[in-house]
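Following the hints, complete the assembly by docking chain H onto the known chain W.
From first to last, the protein sequence lines stand for chains W and H.
If you're matching positions, the first sequence starts at 2 in this note's numbering and goes up one per residue.
If you're matching positions, the second sequence starts at 112 in this note's numbering and goes up one per residue.
Hints in this document: simulated from the structure, not taken from any laboratory.
We put the CB at the ideal spot given by N, CA and C, even for glycine.
Careful, some of the hints might be misleading.
[Unchecked claim] Rough simulated footprint, nothing fancy, chain W against chain H, three-plus residues with beta-carbon under 8 Å:
{"hint": "1", "region": "167-177"}
{"hint": "2", "region": "184-191"}
{"hint": "3", "region": "200-208"}
{"hint": "4", "region": "220-234"}
[Said to hold, decoys possible] One-sided excerpt, in silico: chain W residues whose CB lies under 8 Å from chain H:
{"hint": "5", "residue": "E73"}
{"hint": "6", "residue": "T80"}
{"hint": "7", "residue": "Q107"}
{"hint": "8", "residue": "Y227"}
{"hint": "9", "residue": "K234"}
{"hint": "10", "residue": "D235"}
{"hint": "11", "residue": "L239"}
{"hint": "12", "residue": "R240"}
{"hint": "13", "residue": "P244"}
{"hint": "14", "residue": "P252"}
Chain residues, written in single-letter form:
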Amino acid sequence: MMPGHRSFSRGGPALPLARMAVAICALLVWAAAAAAQSTAPPDLSGFWINQYTPDLSIVLGKQPPFTEFGAERWRTVDTAKDPTAICLPVGPSRGFTAPFPFLLVQDDKTISIMFEYQAIWRAIYMDGRAHPDDLADYPYFMGHSIGRWEGDTLVVDTQGIDERSWLDTAGHEHSDKLKLTERFKKTGPDTIQWTVTYEDPVFFTRPWSIERTFTRGKPGDRVLPYTCNENNKDVEHLRPHQPNLNYKHVPDPPPARKPGER
Amino acid sequence: MKRGIAALFTAIALLASGHSLAAHHSFAAQYDSNKPVTLKGGITRIEWANPHIYFYIDVADSSGAVQWAIEGGAPSTLYRAGWRKDSAKVGDIVTVSGFLARDGSKLVNMQRALLADGRSLFVGNQSYYQKGR
Numbered sequence: 002m003m004p005g006h007r008s009f010s011r012g013g014p015a016l017p018l019a020r021m022a023v024a025i026c027a028l029l030v031w032a033a034a035a036a037a038q039s040t041a042p043p044d045l046s047g048f049w050i051n052q053y054t055p056d057l058s059i060v061l062g063k064q065p066p067f068t069e070f071g072a073e074r075w076r077t078v079d080t081a082k083d084p085t086a087i088c089l090p091v092g093p094s095r096g097f098t099a100p101f102p103f104l105l106v107q108d109d110k111t112i113s114i115m116f117e118y119q120a121i122w123r124a125i126y127m128d129g130r131a132h133p134d135d136l137a138d139y140p141y142f143m144g145h146s147i148g149r150w151e152g153d154t155l156v157v158d159t160q161g162i163d164e165r166s167w168l169d170t171a172g173h174e175h176s177d178k179l180k181l182t183e184r185f186k187k188t189g190p191d192t193i194q195w196t197v198t199y200e201d202p203v204f205f206t207r208p209w210s211i212e213r214t215f216t217r218g219k220p221g222d223r224v225l226p227y228t229c230n231e232n233n234k235d236v237e238h239l240r241p242h243q244p245n246l247n248y249k250h251v252p253d254p255p256p257a258r259k260p261g262e263r
Numbered sequence: 112m113k114r115g116i117a118a119l120f121t122a123i124a125l126l127a128s129g130h131s132l133a134a135h136h137s138f139a140a141q142y143d144s145n146k147p148v149t150l151k152g153g154i155t156r157i158e159w160a161n162p163h164i165y166f167y168i169d170v171a172d173s174s175g176a177v178q179w180a181i182e183g184g185a186p187s188t189l190y191r192a193g194w195r196k197d198s199a200k201v202g203d204i205v206t207v208s209g210f211l212a213r214d215g216s217k218l219v220n221m222q223r224a225l226l227a228d229g230r231s232l233f234v235g236n237q238s239y240y241q242k243g244r
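So that you can see chain W by itself, here it is in the shape it has in the complex (with noise of 0.2 Å):
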């Protein structure tokens, strides 16, 4: 056998391989890349500008699905009480319908919300992990946030938030047992649809949600200081004002049954 004949029958064939193995290697990166492209997660960071919402009820139409207990604590509650009167952390969903706008960082672990109302934020941790076991015995004004990714939507559970937070200016309260699970959906560059679900069996018979619209800010905009206890005179001047105190609560009807349901 001649040598160039060997390293021909040989070598000949395994030069092609050799290429094709090199061609199959760069398409499986090129595919992983690609599919890690369409799969990551999208990119919310930035400088956001919140719909000014001191009123849930007018977002959803009417007053939330009050139980009786839900329907007397609106019918009594004294706008003086408000906790941001004497600067106490806004809660986590009030955060968002304030008029003033909000910092979103971003990376694979945790999502992080610097509100500029009462100068708090909000950690989203996105590493899998469940609430806390004794996280009922440790509530925070703002709840403890866990979040993952359905899709193109930024899914968050929050609870453990502590029943003094409010859920708006016109007073609208809930439970210790409030669980939020809020929806981010950017529908633009510069927009993302908020859709948050209230849920707490103490004040409401079922869960109701609203949507709201984040607008991104200008280049350069960068949240302002809100030091509240720097100069709060208004707490003084507070007086009780109930303004729903002729409010009459009518009950939600039962859900509807389905057909051949008894």
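Just chain H now, with coordinates in the frame of chain W:
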């Protein structure tokens, strides 16, 4: 036309909400929307501080001058609207329209303030925030 209608609706929404920047707490817990007031006086002090700015004016009355406290918006809101802490100076004469505090103190929630040269003073930029409806 469309813009005019939008502006009209915005104006109605602002009127309906009383004080549109009362995020800190309910407007009605502190002020009486049935008690409008207009005062004119010289600025004696400006507090550019959170959660709301204050300035003080001396208003002439039969016994001399009485000091009134005037409450405005949040510094960040006013800053974004182009106002600075020295946009008005001590000694400037200002005409303030607003609502009286419910507790009877000499305190006004400012809805409008005009300097002697006709400039509006410390007006927040409402359009920065989309109205929550």
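The hints, checked one at a time:
1. 167-177: violated (count 0)
2. 184-191: holds (count 6)
3. 200-208: Per the Cβ count (0), the hint is violated.
4. 220-234: violated (count 0)
5. E73: Violated: closest Cβ of chain H sits about 19 Å from E73(W), beyond 8 Å.
6. T80: holds (4 Å)
7. Q107: violated (23 Å)
8. Y227: Holds - the Cβ of Y227(W) comes within 8 Å of chain H, reaching about 5 Å at its closest.
9. K234: holds (7 Å)
10. D235: holds (6 Å)
11. L239: Constraint on L239(W) satisfied, holds at 5 Å.
12. R240: Hint on R240(W): holds, closest Cβ of chain H at ~5 Å, below 8 Å.
13. P244: Status holds, d = 6 Å.
14. P252: violated (27 Å)
Hint compliance for this structure: hints 1, 3, 4, 5, 7 and 14 are broken, all remaining hints hold.
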